Each structure stands twice: as C-alpha cells, then as structure tokens.
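Protein chains: 2
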Amino acid sequence: MRCDILVVGAGILGLSSAYHLKAENPRKRVVVIERLRGPGEGNTAKSEAVFRDAFTSETNRVLASSSIEFFKHLEGEGYNLRLLFTGYLWLLSEEQFERIGDAIRDMQRDGVRLTIYKREELERLIPGLVTSFEGDEEAELMGLPPIDVGLLAHNCGCLRAEALTKAYESMFLKLGGEIHYRVEAKRLLLGAVEELGLPGEPHVWQEPQVKGVETDRGVIEAETTVVAAGVWAGRLLEPIGFDPCMRPKKRQIFVLSDERLSVLFDIEGFNRHRVLPFTILPKCSLYLKAEPYERSVWVGCSDEIGRAFKLEDDPQPELEYYKDDIYPILMKYLPCF
Amino acid sequence: MRCDILVVGAGILGLSSAYHLKAENPRKRVVVIERLRGPGEGNTAKSEAVFRDAFTSETNRVLASSSIEFFKHLEGEGYNLRLLFTGYLWLLSEEQFERIGDAIRDMQRDGVRLTIYKREELERLIPGLVTSFEGDEEAELMGLPPIDVGLLAHNCGCLRAEALTKAYESMFLKLGGEIHYRVEAKRLLLGAVEELGLPGEPHVWQEPQVKGVETDRGVIEAETTVVAAGVWAGRLLEPIGFDPCMRPKKRQIFVLSDERLSVLFDIEGFNRHRVLPFTILPKCSLYLKAEPYERSVWVGCSDEIGRAFKLEDDPQPELEYYKDDIYPILMKYLPCF
Chain A
55 MRCDILVVGA GILGLSSAYH LKAENPRKRV VVIERLRGPG EGNTAKSEAV
105 FRDAFTSETN RVLASSSIEF FKHLEGEGYN LRLLFTGYLW LLSEEQFERI
155 GDAIRDMQRD GVRLTIYKRE ELERLIPGLV TSFEGDEEAE LMGLPPIDVG
205 LLAHNCGCLR AEALTKAYES MFLKLGGEIH YRVEAKRLLL GAVEELGLPG
255 EPHVWQEPQV KGVETDRGVI EAETTVVAAG VWAGRLLEPI GFDPCMRPKK
305 RQIFVLSDER LSVLFDIEGF NRHRVLPFTI LPKCSLYLKA EPYERSVWVG
355 CSDEIGRAFK LEDDPQPELE YYKDDIYPIL MKYLPCF
Chain B
55 MRCDILVVGA GILGLSSAYH LKAENPRKRV VVIERLRGPG EGNTAKSEAV
105 FRDAFTSETN RVLASSSIEF FKHLEGEGYN LRLLFTGYLW LLSEEQFERI
155 GDAIRDMQRD GVRLTIYKRE ELERLIPGLV TSFEGDEEAE LMGLPPIDVG
205 LLAHNCGCLR AEALTKAYES MFLKLGGEIH YRVEAKRLLL GAVEELGLPG
255 EPHVWQEPQV KGVETDRGVI EAETTVVAAG VWAGRLLEPI GFDPCMRPKK
305 RQIFVLSDER LSVLFDIEGF NRHRVLPFTI LPKCSLYLKA EPYERSVWVG
355 CSDEIGRAFK LEDDPQPELE YYKDDIYPIL MKYLPCF
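In order, the protein sequences belong to chains A and B. Under the working numbering, residue 391 is the last one in the first sequence; the count climbs by one each step, no gaps. Under the working numbering, residue 391 is the last one in the second sequence; the count climbs by one each step, no gaps.
Possibly wrong hints are sitting among the right ones.
The list makes no distinction among identical chains, and a pair is therefore deemed to hold if it is satisfied within one copy or across any two copies.
Unchecked claim - For lysine-lysine, the following DSS-like pairs were computed, each having C-alpha atoms within a straight-line distance of at most 25 angstroms:
#, residue 1, residue 2
1, Lys220, Lys82
2, Lys265, Lys364
3, Lys364, Lys240
4, Lys377, Lys228
5, Lys265, Lys304
6, Lys303, Lys265
7, Lys364, Lys304
8, Lys364, Lys100
9, Lys240, Lys303
10, Lys126, Lys100
11, Lys240, Lys304
The hints are simulated quantities; they were obtained by calculation from the structure and are not laboratory data. Owing to the predicted nature of the structure, the values given are computational and were not obtained by experimental measurement.
Here chain A stands alone, though its shape is the one from the complex (with noise of 0.2 angstroms):
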C-alpha cells in the first residue's frame, strides 16, 4: 500500500493528529494504523481524561486553552464528550503556595481564570478535610505538609477520554480518511531522500528518510510517517536510533465507589455540579477525581524514583501500592476514605 501521510497509533494522539493532518491536506490520502481492535484502546484507555488550562509554561497554557475551546466546539457540534468543568484545586501549604507565586501572576495577567481560598474555607467547603497535623507523629513521619491555600482554577476538568477518541476518528473518517484496525507496525523503513540504488542505503553521507513502515499485514509506504504510538514509540524508533526522548513507566490509577464517599459529590461553591473539582493533594501530587457519572472517585499518584523504567503491554494494578503508598497519606486528609 501507498499514502501521502500515514499515522502510527489510534489513540488519541494519533487520531487527533490524524484529523487535523486530513482537515489541512483534504487531497492527500491520510491512513492511520492500529494494532488494537478500536481507538483509543492503549493509554487513551487508562488516562486520568481530565483537562486544564493552568499551567507555569506559557507555551502548555496556549496548547491548553485552544484545547479546551475546541472540546467545547465539539461538543456544540453533538458529540457528547461529558465535558465538565469541575475545576482543578490545588491544595497547598503556604511554603508551597509561595514558590508558585510568579506563576500564579503570569497566569493571571494571561486571563486564567483562579481564585484562592484560605484554610477555614477550605475545612467549611470540604467536609471532614484535615488541614494541619500538630501532634499527630505519623502524619510528622511521612511528612505531610498541612493545608494552607486552596488554588482553584476554573476552566479545567474531566471528561472521557474514549468519547473524545470517537469524536476525533469519526471526524476523520467524515473527511475521508482511513484506519486500518488490528494492524501492527513491526519497523519503520529507513531510506535515503534520493535513493541511488546501492547497497546499505542510507549510506552517511546521504539524507535519510522514514519511506514507510513494515506491519504484520504487509508493506506501506508513506510520503511522511507520523509515529504517535505514544509510550510504544520507543520500539520504532530505537531502532533507527531515533530518541523519543520518553521512557515508559508503569501509573496506576485506582478507582473507588463507596457510600461513605457520597460526602464528595455533595458540595458545594466551587462548581454548578456540587462535586470535589480535580484534587491535588499537597504530598506526592496525590490527585482525586470525582466523576460525578457513576460516582466514583479516581486516586492516582505518582512514584518516581524506585519504579523501573519498563514497557508492559497489559500492566496490573498493585494493591499493596493503594494500601501502603496511596492510602496512607489519603485518609490522612480526607478521613472519609
């Protein structure tokens, strides 16, 4: 097979890289793989799917806000994304507070929308939360900083990652572009810009290029190749000696539905949906996501230095890390779980 630009991954990097590559270049035949069944089975399937526009980096603050507003465009056109802005809340000890104090002012002056809350509206917003912990020594051993400030920005929050990924591949196929399901990239197929038909080729002194790439199902070649396999690039392109500049490493997010936590879809003054917003704790960036659809609560958090950099195609969760590392520090602010 033979296309002008071919996309490497169905997720939702590659079908909205897709869409966009067919809306700008409606004559050149677009065709996207896939080595799942549908889109957006791989890490679109196990994204946290929430959204902000408050960023320290004005370039993510940019990429962000034309984000959002085209979700929001997609959603007035009828696709049903449960796009819900339910805010992103930081919660922070005043050490904490003050460090980000110039990226707060940059965020502001660029029209991000925040508002700041002190810890006794905090404690009357969000029953039962745990501000500070004089005399409690395990909360001093694990050294948990207390809740000083609240940093609540509006213009963010959840929806579902696999509506978007729809939205996007149905798009796509509306302008006519083609994806091919349950076909593997196995190698990318590296030439020369002008092949002389000699052995070995690229040869060093020649300009390479990518001229397709090799799949279980056969060879396709491409004017231009677009690898957005996300966290499976590397298996492309290590070979060609191509850094990713990523390295795969195993998340987990733990999904909880329990009555005792209905406390969490009850409040009020932060959001029209009187559900918690996106919650960043202050110790570890342990988050909360309360998904107001099937009321349960998201908990991730990530742990850096001790897990191996590693690609699992069908990672497992491990229960001992929710009891031992997430919810220790968890029930320690929120004695509700």
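The hints should help you fit chain B onto chain A, whose structure is shown.
Positioned in the frame of chain A, the structure of chain B alone reads:
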C-alpha cells in the same frame, strides 16, 4: 563493606571523580569498584582521546579550558600524558562558516585562540587537499560541500587516554583511595533517608536515597554513591526509574597506517609538531587524527539516524561502514587515502 563515597566505574569518569572527591574529602573513605581488570578498559580505551577549548557553549569552554590547564599541570608533575597541542582544524564551506560567526566572536572575546585560513592557504598547507568539486558528479550526488575556510583552534590536541586514566588512578591511590577491580555492580540499593523498618521501603511518601550497591562480591553500603559507569549507567539507573538521559549507540574509529599517509606528518604552519591538526571535514563531521607517535591516522564519523540504540559489551568494527560510508567522503577531500 561500608564506605563514605562509592564510585562505580574506573574509567576516566570514575577515576577523575574519585580523585577529586578524595582530594576534597581527605578523611572520607572513598572506594572505586570496576567490573573490568584495570583502569580505563571500557569506553575510555575506545576514546578519540582529543581535547579542545573551542566550544559554542560557555559552560563547555570553562570546563574544557580548566581541564586542559590541569593536564598541563599533571605533565609538570611528571605524568607523561603525551599531551600534544596539534590544534583542532574545522574545514568549512562559506555557508557553514557564516552560521558559526556569532560563536566565533564569543570564543574570541573569551580568549579562545583561533586562526582563520582561506581556501588558498589551506591548499598550500595541506598537500593534495581537494577544496571544490565542480564537475564531479559523484561528489554532487553525495552532497559534499566545498572547503572555503579553515578554522584552527590552538589550545587543542590529543593525549593518551590510558595515561591520563592511570595518572588519576595513581593520584587517587596516593591520597589513600581504594580501588577494587573485577567487582561488578549488579544493582543500586534504594532505601529511604529515614528508614522505618517497614516492608517495601521507600514508600512514595518517603524521601528516597541510594544506600549503596549490590555487587557480585557482596553488598557495599555507602553514604554517597556515584554512578560513573558511562554508557553502562542505564543498567543501574533504569531499574530504579532514574533516567540517565544517555542512550548507548555504537561508534567506530578506524586506525590507518600506510606510507601514503606520511604527507600528513610533514605539514608546516599549523603546529610545532608538523602534523595535521585534528581535522573535521565539512561533511558528516568526519574527523581525522594524525597520531605522531605511531604515525597512524584515526578516522571516525558519527552515523546518527539508522544506527540503533543498543548496548554491546564487545562491539566489533564494520569494514563495510569504513568502505561505503567513511572512505567515499575521505578520498574525495584527501585523495592520499
């Protein structure tokens, strides 16, 4: 075993680090372990063994020029490093020269000693040098730029990497440092700064710390562990999820010895050793080093795209790579090859 500072690796990185750490911490027990049988037997032995103070980055200039001063100091102390100031000579097209105009001004401002040569001077100084390929179809297909300008940096040259490594080893031992050869670091021991005696430490809420190394000869505990394993660092760091930001890629240096190359050892005007400086051709950064002691010419070239990231303990030279990639460039500019 227990020590204050443990350095993994007795190449140039490990032994220079160990020497300076011991010199600054004379009362601390500093231990080096190395899986090979002696100093500098890994990548150090495969180094180009050249040095320069001409860099576009100011940080590199400061680091390099202080290193060069230190090499001179070592020779003054009686260590024979075979330090030769043969210079670094970049052969450039007009276009390439213009692109580094700002860098040249910065370097001259900072005292980097440079001389600029015109094409005619280069032709006069380097016998047989071909500087333009008008009408040469092959050279055109290969995209070989002409040589319009030469940039010579004087405070640059070559040395014996082996001798430098042994000098550091000897100075380190004189200060009371310890080196254990044939001891292989198998994994880093990760714990918490404040151990609580719980299973599974460090937990995510603890501050992690490397407590030492497990070797094939037993455990070595250390207050500070320095991973100076160069390209092998990833084998120790990746399992604890620490990105060394280095990827292993095979490089090759070909050492040539032939009567025809004797012209390169009888060149006046660049340095008092009457040899060709370390020379970089305008294509693919292909470089040549004329080694006056053994009258050999070292030739190398970095193939970036197309060469896989891979760690080999005993990489072998590829004759085809010399024949089809390096030689075609070399013989165009310097037909004496």
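Cross-check of the supplied hints:
Taking CA atoms no more than 25 angstroms apart as the test, lysine 220 paired with lysine 82 passes inside one copy only; the shortest distance there is 22 angstroms, against 61 angstroms between copies. In this homomeric assembly, lysine 265 and lysine 364 come within 25 angstroms of each other (Cα to Cα) only across copies, at 23 angstroms, whereas the closest approach inside a single copy is 29 angstroms. For the homomeric pair lysine 364 and lysine 240, the shortest alpha-carbon distances inside one copy (19 angstroms) and between copies (18 angstroms) are both at most 25 angstroms. When the C-alpha separation of lysine 377 and lysine 228 is checked against a cutoff of 25 angstroms, the pair qualifies neither within a copy, at 47 angstroms, nor between copies, at 52 angstroms.
Within a single copy, lysine 265 and lysine 304 get their C-alpha atoms only as close as 32 angstroms, which misses the 25 angstroms cut-off; across copies the closest is 24 angstroms, which meets it. Taking the closest pair of Cα atoms, lysine 303 and lysine 265 come within 25 angstroms of each other only across two copies (23 angstroms); inside a single copy the shortest separation is 30 angstroms, beyond that limit. In the homo-oligomer, the alpha carbons of lysine 364 and lysine 304 lie at most 25 angstroms apart both inside one protomer (7 angstroms) and across protomers (22 angstroms), since each shortest distance falls under that limit. For the homomeric pair lysine 364 and lysine 100, the shortest alpha-carbon distance inside one copy (17 angstroms) is at most 25 angstroms, but the shortest distance between copies (30 angstroms) is not.
Taking the shortest alpha-carbon separations for lysine 240 and lysine 303, both the intra-copy value of 22 angstroms and the inter-copy value of 21 angstroms come in at or below 25 angstroms. Taking the closest pair of Cα atoms, lysine 126 and lysine 100 come within 25 angstroms of each other only inside a single copy of the chain (22 angstroms); across copies the shortest separation is 58 angstroms, beyond that limit. Proximity of lysine 240 to lysine 304 under the C-alpha cut-off of 25 angstroms is found in both arrangements, the shortest distances being 23 angstroms within a copy and 23 angstroms between copies.
In terms of the numbered hints stated before, the structure departs from hint 4 and from no other.
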